[in-house]
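Participant: As a plain string of letters, each chain reads:
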Amino acid sequence: MRTIKDRYAIVGVGESERSRKSGTTPLHLALDAANAAIKDAGLKATDIDGFMNYNEGDSCTSHQLATYLGVRPKYVKDIQGGGASTEMLIADAVALIEAGQLNTVLIYRSMNGSSGTRVGRGYDPDMLQGALAGGSFVIPYGSASPSQWFGMYATRHMHETGITKEHLGHVCLSFYEHAQRNPKAFLHGKPLTMENYLATPDISSPFNIHDSCLELDEGNAIIVTSAEKAEDCTSKPVYIMGMAARQCHPHAHYWNDIDHVASDYVAKELYENAGVTPDDIDVASIYDCFSWVVMRQLEAYGFAKRGEVGEFVAEGNLKIGGKLPTNTAGGMLSEGYTHGMNNAIEIVRQLRHDYDGTARQVEDCKIGICTGWAGPDIAGAMILRN
Amino acid sequence: MTQSTTAYQKPIPLKDIDNAPYWDAADQHQLALQKCDDCNAYSQPPGPTCAKCGSENVSWEQFGDDITATVYSYVVSYRPFLPGFQDELPTIIALAQLDKVPEVKIMGNILNCQEKDLEIGMPIQMTWVDITEDRALPQWIPATN
Ligand SMILES: [Zn+2]
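Respectively, the protein sequence lines represent chains U and X.
Sequential numbering of the first sequence, starting at 1185, is according to this note's numbering.
Sequential numbering of the second sequence, starting at 701, is according to this note's numbering.
Check before you lean on any hint, since a few could be wrong.
[Said to hold, decoys possible] Using 20 Å as the maximum straight-line C-alpha spacing, the simulated DMTMM-like pairs for lysine to aspartate or glutamate come out as follows:
1. Lys715(X) - Asp1310(U)
2. Lys805(X) - Asp1443(U)
3. Lys1503(U) - Asp1463(U)
4. Lys715(X) - Glu1453(U)
5. Lys805(X) - Glu1344(U)
6. Lys1489(U) - Asp1548(U)
7. Lys1223(U) - Asp1538(U)
8. Lys752(X) - Asp1463(U)
9. Lys1349(U) - Asp817(X)
[What the hints assert, rightly or not] Computed beta-carbon distance windows for the label pairs:
10. Thr1251(U) - Asp718(X): 36 to 46 Å
11. Pro823(X) - Gly1314(U): 46 to 56 Å
12. Leu1382(U) - Pro823(X): 52 to 62 Å
13. Gln1431(U) - Thr749(X): 54 to 64 Å
14. Lys1368(U) - Gln709(X): 28 to 38 Å
Hints were generated in silico from the structure; no laboratory data involved.
Just so you know, even glycine gets a beta-carbon here, dropped at the ideal spot from N, CA and C.
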């Protein structure tokens, strides 16, 4: 089989305004994001023949978006998803273009994540008992929020590897520092100190509000096309070197074995597909629904050895200027939250050197990684280059 | 053992065709675990077949009511994420590693436990809380000896 390495590119990225209360619908936010991405690519809306989205029943459909862009697409796809869906849909788009079905695909995530449905507040208990594998062994005990589900993994992992609350704080401080350089970050102008971080009470251990992603109203969009078609765009293409994903765990009820996460299995395949190693990565977007989720992935993707991740982040390596500048727009902890797409947009902008001449640019960066995590059972990641 | 005095507000475990023997045993203040007759793996939570090998030859093993374990992991929640927990904060939610079957971990709350005393590895004992007239919920308390 032919490898897809360097034969597909992200040619446009864009976002809507982000706020606590958009006062509008996800369709409007999606239109704003899509138009921004189309303009960024230098395309016309009608150049796009495929539209894809991931949602939790909280968005508009791809068909609606295409309709109101004035496009009659060949293909639409809406999946239930969240973390890692950006990477997986990009893989789907590449596959459909490779199969000769489509030319150019727009992928978006649009949600009123603050004024509409709020993930962090938990879900309907009876729905969850049925929807989660083994849900009746979890929900009756009060565990209904991702912070509690992933927290169970975090406590054990931190115990085994020596990661402390202060280490988690370094993840937060690094991303908040990046947000101070990004006027569009939701927490721009709200820096965080270690003293404040450590003084903030936990909501559910080991996580306080700073360890937890934002919940906002926002739309994001990304346009994928072939390397040949990318030549027709006005933007600088960012090429896809490799992708990998995994949607399983040793048990569908993932608390059955909290020592494994799907990211552990994705990393090897990802680096093989891309033909690079962790040492080759200049800039990173690591899925950050919670601070510890970043730590666990730094281990999984080989950026620091198990047991040394705490020290790695405490040394400032996630900051611009560190060994692995990560979530350089502020990430989901402090920029915005669209289940990962905002992090993917940022890695594209870094690799295009959109910020050249400013403190936001990771100097000389050529290769970047973007990871997704929907939970211990679902991971997807891609490696990109300029 | 705790007897509920007011109407129980928290979610009650939903029995289904696969997990009913576990919850039926719990209602009798007993622990039962599903086990594969082919590969000998325990399936917790139980399912239609063995989660390890897919075999349909699964049966139930009774463990009685003297169930000891240690804390494998835990979270302490200071906010209620479900109805009924608002009056019992903070809530300790733990994964208990069974002494007799260490590969089996069972989630539950640790009752009668101060947060400051909570740690990974601490010995705990299963207890059953009668939550309605005919239902009981397996829970954990710190081991006394
Ligand atoms: Zn078996």
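Participant: Please go over all the hints and tell whether each is borne out by the structure.
Facilitator: Verification of the supplied hints:
1. For the given pair, Lys715(X) sits about 12 Å from Asp1310(U) by alpha-carbon distance, which is consistent with the 20 Å threshold.
2. The suggested pairing of Lys805(X) with Asp1443(U) holds, with an alpha-carbon distance near 12 Å, which does not exceed 20 Å.
3. For a cut-off of 20 Å, the pair hint linking Lys1503(U) to Asp1463(U) stands: about 17 Å separates their Cα positions.
4. A hinted pair counts as satisfied when its Cα atoms are at most 20 Å apart, and Lys715(X) with Glu1453(U) does not qualify at roughly 40 Å.
5. For the proposed pair Lys805(X) and Glu1344(U), the alpha carbon gap of about 17 Å is at most 20 Å, so the pair holds.
6. For the hint linking Lys1489(U) to Asp1548(U), the alpha-carbon distance of about 26 Å lies beyond 20 Å, and the restraint is violated.
7. For the given pair, Lys1223(U) sits about 15 Å from Asp1538(U) by alpha-carbon distance, which is consistent with the 20 Å threshold.
8. For the hint linking Lys752(X) to Asp1463(U), the alpha-carbon distance of about 36 Å lies beyond 20 Å, and the restraint is violated.
9. For the hint pairing Lys1349(U) with Asp817(X), the CA-to-CA distance comes to about 18 Å; that is within 20 Å, so the pair holds.
10. Checking the proposed 36 to 46 Å range against Thr1251(U) and Asp718(X) shows it holds: the Cβ atoms sit about 44 Å from each other.
11. Hint check: Pro823(X) to Gly1314(U), Cβ distance near 34 Å, so the stated range 46 to 56 Å is violated.
12. For Leu1382(U) and Pro823(X), the hinted distance range of 52 to 62 Å is not satisfied, since their beta carbons lie about 31 Å from each other.
13. Under the hint 54 to 64 Å, the C-beta atoms of Gln1431(U) and Thr749(X), about 20 Å apart, miss the expected range.
14. Under the hint 28 to 38 Å, the C-beta atoms of Lys1368(U) and Gln709(X), about 43 Å apart, miss the expected range.
Hint compliance for this structure: hints 4, 6, 8, 11, 12, 13 and 14 are not met, and every other hint is.
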